[in-house]
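Colleague: So the chains spell out like this:
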Amino acid sequence: MIQLMEKEDAATAADQRNEIVLDTRELNLWYGPEQALKNIALQMSEKQVTAIIGPSGCGKSTYIKSLNRMVEMNPLVRITGQVMFKKRNIFHKNYSVEELRTQVGMVFQKPNPFPKSIYENVAYGPRIHGIRKKKLLDEIVEKSLRDAALWDEVKDRLNENAYGLSGGQQQRLCIARTLSIEPEVILMDEPTSALDPISTLKIEELVQELKQDYTIVIVTHNMQQAARVSDQTAFFLNGEVVEFNDTVTLFSNPNDQRTEDYITGRFG
Amino acid sequence: MPTNRQQFDDQLNTLRSALVEMGRKVEEAILNSVKALKETDLDLAQQIVDQDVEVNQIEEKIDEIGTTLIATQQPVAKDLRRILTAFKMASDLERMGDLAVDISKVVMRIGNDALIKPLVDIPRMAEIVQLMIAESIQAYMEENVDLAYKMAKMDDEVDHLYSQILRELFVFMVDNPKTVNQSLLLCFVSRYMERMADHATNIGESVVYLVRGHRPDLN
Amino acid sequence: MKQNTDQMNRMKQRLLLNNLMKHSFLFLTLIALAVLVILIVQVFTQGIGWLDWNFLTSKLSLNPDRAGILGVIVGTILLMVVVGPVTMLLGICTAIYLEEYAKKGRVHSFIQTNISNLAGVPSVIFGLLGLTVFSRMFNLGSSIVAGGLTMSLLVLPIVVVASQEAIRAVPQFLREASYGMGATKWQTIRRIVLPASLPGILTGMILSLSRAIGETAPLVVLGIPVLIMPVPDSLMDDFTALPIQIYYWTLDAVLTAEYANLAAATIIVLLIVLFIMNSAAIFIRNKFQKRY
Numbered sequence: 101m102i103q104l105m106e107k108e109d110a111a112t113a114a115d116q117r118n119e120i121v122l123d124t125r126e127l128n129l130w131y132g133p134e135q136a137l138k139n140i141a142l143q144m145s146e147k148q149v150t151a152i153i154g155p156s157g158c159g160k161s162t163y164i165k166s167l168n169r170m171v172e173m174n175p176l177v178r179i180t181g182q183v184m185f186k187k188r189n190i191f192h193k194n195y196s197v198e199e200l201r202t203q204v205g206m207v208f209q210k211p212n213p214f215p216k217s218i219y220e221n222v223a224y225g226p227r228i229h230g231i232r233k234k235k236l237l238d239e240i241v242e243k244s245l246r247d248a249a250l251w252d253e254v255k256d257r258l259n260e261n262a263y264g265l266s267g268g269q270q271q272r273l274c275i276a277r278t279l280s281i282e283p284e285v286i287l288m289d290e291p292t293s294a295l296d297p298i299s300t301l302k303i304e305e306l307v308q309e310l311k312q313d314y315t316i317v318i319v320t321h322n323m324q325q326a327a328r329v330s331d332q333t334a335f336f337l338n339g340e341v342v343e344f345n346d347t348v349t350l351f352s353n354p355n356d357q358r359t360e361d362y363i364t365g366r367f368g
Numbered sequence: 007m008p009t010n011r012q013q014f015d016d017q018l019n020t021l022r023s024a025l026v027e028m029g030r031k032v033e034e035a036i037l038n039s040v041k042a043l044k045e046t047d048l049d050l051a052q053q054i055v056d057q058d059v060e061v062n063q064i065e066e067k068i069d070e071i072g073t074t075l076i077a078t079q080q081p082v083a084k085d086l087r088r089i090l091t092a093f094k095m096a097s098d099l100e101r102m103g104d105l106a107v108d109i110s111k112v113v114m115r116i117g118n119d120a121l122i123k124p125l126v127d128i129p130r131m132a133e134i135v136q137l138m139i140a141e142s143i144q145a146y147m148e149e150n151v152d153l154a155y156k157m158a159k160m161d162d163e164v165d166h167l168y169s170q171i172l173r174e175l176f177v178f179m180v181d182n183p184k185t186v187n188q189s190l191l192l193c194f195v196s197r198y199m200e201r202m203a204d205h206a207t208n209i210g211e212s213v214v215y216l217v218r219g220h221r222p223d224l225n
Numbered sequence: 635m636k637q638n639t640d641q642m643n644r645m646k647q648r649l650l651l652n653n654l655m656k657h658s659f660l661f662l663t664l665i666a667l668a669v670l671v672i673l674i675v676q677v678f679t680q681g682i683g684w685l686d687w688n689f690l691t692s693k694l695s696l697n698p699d700r701a702g703i704l705g706v707i708v709g710t711i712l713l714m715v716v717v718g719p720v721t722m723l724l725g726i727c728t729a730i731y732l733e734e735y736a737k738k739g740r741v742h743s744f745i746q747t748n749i750s751n752l753a754g755v756p757s758v759i760f761g762l763l764g765l766t767v768f769s770r771m772f773n774l775g776s777s778i779v780a781g782g783l784t785m786s787l788l789v790l791p792i793v794v795v796a797s798q799e800a801i802r803a804v805p806q807f808l809r810e811a812s813y814g815m816g817a818t819k820w821q822t823i824r825r826i827v828l829p830a831s832l833p834g835i836l837t838g839m840i841l842s843l844s845r846a847i848g849e850t851a852p853l854v855v856l857g858i859p860v861l862i863m864p865v866p867d868s869l870m871d872d873f874t875a876l877p878i879q880i881y882y883w884t885l886d887a888v889l890t891a892e893y894a895n896l897a898a899a900t901i902i903v904l905l906i907v908l909f910i911m912n913s914a915a916i917f918i919r920n921k922f923q924k925r926y
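Protein chains in written order, with my numbering: chain G, 101 to 368; chain Z, 7 to 225; chain W, 635 to 926.
Just to be clear, a hint being listed does not mean it is correct.
With beta-carbon atoms standing in for the labels, derived distance ranges [said to hold, decoys possible]:
| hint | chain 1 | residue 1 | chain 2 | residue 2 | range |
| --- | --- | --- | --- | --- | --- |
| 1 | G | 298 | W | 905 | 53 to 63 angstroms |
| 2 | W | 638 | G | 298 | 56 to 66 angstroms |
| 3 | W | 799 | G | 239 | 39 to 49 angstroms |
| 4 | W | 799 | G | 172 | 20 to 30 angstroms |
| 5 | Z | 76 | G | 155 | 18 to 28 angstroms |
| 6 | G | 172 | W | 731 | 17 to 27 angstroms |
| 7 | G | 239 | W | 905 | 50 to 60 angstroms |
| 8 | G | 338 | W | 806 | 20 to 30 angstroms |
| 9 | G | 267 | Z | 76 | 27 to 37 angstroms |
Residues from chain Z that face chain G, not an exhaustive set, calculated with beta carbons under 8 angstroms [what the hints assert, rightly or not]:
| hint | residue |
| --- | --- |
| 10 | 11 |
| 11 | 80 |
| 12 | 82 |
| 13 | 83 |
| 14 | 84 |
| 15 | 85 |
| 16 | 86 |
| 17 | 219 |
Since the hints were made in silico from the structure, they are not lab data. For clarity, every value in this text was computed on a predicted model and none was experimentally measured. Glycine included, C-beta positions come from ideal geometry on N, C-alpha and C.
Chain G on its own, in the form it takes in the complex (with noise of 0.2 angstroms):
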């Protein structure tokens, strides 16, 4: 009985811990005439890493862009349904992009810095957002590099060349830019494709850290770096989730058999 009782307790906890941030409801999306996304339903939990998983094309590219409506930036994009991020609908009129992407920070498939130096990368978020006073910006710099591990490499060259820097640490300066606005969200967008395998592995754990303050959706070709990563795991196949599970009975026991087939390299 009073195991029983904890383990309630314990239910409650996980589950207040686990408020839904980012709530998509019935979301569909066509690139003019063609539907690149086919009522889409997903829920991603605070705190909780989401990867999204599919064959090229299948549309979690898409879906992760249209999450900070980066996905409106392509002029015949069309979208119906609902995105609720904190129970406020993104795609609603009075909700400017502007606002929605400081709290849904993105960081890109290729390492995409400024060619500026490494400091003006990272300072180069709170300065949009009207920060001025340099001792608060060297402070804000300083605690997204540690953030994003990458302190200790950059900190006696800050005023150099950001494309000084390897891939890896491009990327990682690239998270630390995004963590410098100290977005809710964070989306990634296959962030380890370019890089070699010794970096993708400092991202992975760095994500694993990231995940302690900040939700995490991200989108990836390599299939043990979800597995590795994530909490949960969303399979997307022609624009629509075949599976959304908790990532170890995906991987291990996953309930269709399209997904079986895909993560066991049978197609796709």
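For chain G, the structure is supplied; the task is to place chains Z and W on it using the hints.
Modeller: Using the frame of chain G, we list chains Z and W on its own:
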């Protein structure tokens, strides 16, 4: 199934046929060991001991292929379960092979002494155990969960026969202390066979795990 | 494959033709080069003796021995003072609007086509435009402002197209990075796009200025007076510029033979100025090329 991992699938098939072959050899060893006991055939007993090496070799081969596949192919889901199952089954079968060897050694101990009684229950037990092994292997080949459950049910019968044999031999030992030596050896034989049935049940569990992804308790 | 005689013959023919083409191209290139060399040699032999410090620092005069081009140089510089800021402002703003803000639609392609076509309009037409609008309508006469505005119109398409190219060359991923952090369009343009495209824009600016320095026709149409002008000291003054002075001296060489030498000396000055400006453009382009 559409497939673009031909080499991997070929290797998995190799694993599978190795298990089937191992099962066949163990089945034969068990059948022969009881036959040697019944007929006090020392040559046959020796042959069983010698042939156990082959069973061990197959187990090593299965371990090797499985390890290589895990290291190189990053198997997940059913592929991973297939390999884990192969490890577990090979280990169960190898234990069964050893138990057949143990029975053969009992045969050699008894040597050319006359049996204290004609054996009835022990050969019956051996028949059931052999059937269990055959069916467990078949269940594995067909990935037939129902057959695995049905096979595991036979374990009850084996347990029943086991306690019956123990009771009978106990009576023998009490009546005639001269038979204690052979009676004890026969007790061991029936104990070995009861263990075999447990291993066969384990194989049944492995089959269920392979197909469904969770391991039931069939004992 | 075993080679037979047939194939070997064909191979010989192909190699022969290749050689022939190579040498013809070289020959034709040399012809063009030879003309250029003759021109430069001619100009230098004629003008170099007249080019000295006095020539650069004296005012215009009817007497060839005393004539200098100080006023002409000042006129040219003041002309650039007008052309530079005007084209920079209009050109960059137009380019930013077209590349970053305008929706890609009919209006956009209409403006785009017109700008491209303007770049191909003969400079005399721009002169007529300047005459009608600036000289007469705004009553600016043949002042530096009138000339500068006319020149600005002439080179504007070049600046716009060059700036557009430079802005387009800024990789999309830099913009995405900026937008992805919640930056507005203007913040992205000011802090990311413009700094990254500035070298390209500057290159285009310099090249268009050097075009403006060398243009004669629009100024002729504006009616720059054929007079000995004083050194201009305000933007509303009448003026003369290097190519115009060359033009008039060459015309008047029929009357006074030495004017031809003065023209040659002025050509040398103009060539040197153009050479320096073009080198600067190339330098900037190479130095800042592809840092991302």
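Colleague: All the hints need checking, so say for each whether the structure fits it.
Modeller: Here is how each hint holds up against the structure:
1. Taking the beta carbon of each, residue 298 (chain G) and residue 905 (chain W) are about 57 angstroms apart, inside 53 to 63 angstroms as hinted.
2. Checked against the hint of 56 to 66 angstroms, the pair residue 638 (chain W) and residue 298 (chain G) passes, with Cβ atoms roughly 57 angstroms apart.
3. A C-beta distance of roughly 40 angstroms is found between residue 799 (chain W) and residue 239 (chain G), which places it inside the suggested range of 39 to 49 angstroms.
4. At about 26 angstroms, the CB distance of residue 799 (chain W) to residue 172 (chain G) agrees with the hint of 20 to 30 angstroms.
5. Range check, residue 76 (chain Z) to residue 155 (chain G): about 24 angstroms between beta-carbon atoms, so the 18 to 28 angstroms window is met.
6. As the Cβ distance of residue 172 (chain G) to residue 731 (chain W) is approximately 20 angstroms, the hint placing it in 17 to 27 angstroms holds.
7. Checked against the given bound of 50 to 60 angstroms, the beta carbons of residue 239 (chain G) and residue 905 (chain W), roughly 57 angstroms apart, stay inside it.
8. Distance hint for residue 338 (chain G) and residue 806 (chain W): a CB-CB separation of about 27 angstroms, consistent with the stated range 20 to 30 angstroms.
9. Residue 267 (chain G) and residue 76 (chain Z) have their C-beta atoms about 30 angstroms apart, which keeps the hinted 27 to 37 angstroms range intact.
10. The closest approach between the C-beta of residue 11 (chain Z) and any C-beta of chain G is roughly 5 angstroms, which is under the 8 angstroms cut-off, so the hint is satisfied.
11. Restraint check, residue 80 (chain Z) versus chain G: the minimum CB separation of about 6 angstroms is within 8 angstroms; hint holds.
12. For residue 82 (chain Z), the shortest C-beta to C-beta distance to chain G is roughly 5 angstroms, which falls under 8 angstroms, so the interface hint holds.
13. Against a cut-off of 8 angstroms between C-beta atoms, the interface hint on residue 83 (chain Z) holds, since the closest Cβ of chain G lies about 5 angstroms away.
14. Evaluation of the residue 84 (chain Z) hint against chain G yields a held restraint, the C-beta minimum of about 6 angstroms falling below 8 angstroms.
15. Taken as an interface hint, residue 85 (chain Z) checks out: its beta carbon lies about 5 angstroms from the nearest beta carbon of chain G, inside 8 angstroms.
16. With a least beta-carbon distance of about 7 angstroms to chain G, the hint placing residue 86 (chain Z) at the interface is held under the 8 angstroms criterion.
17. With 8 angstroms as the threshold, the beta carbon of residue 219 (chain Z) comes within range of chain G, its nearest partner Cβ sitting at about 3 angstroms, so the hint holds.
Comparing the model with each earlier hint shows no violations; every hint is respected.
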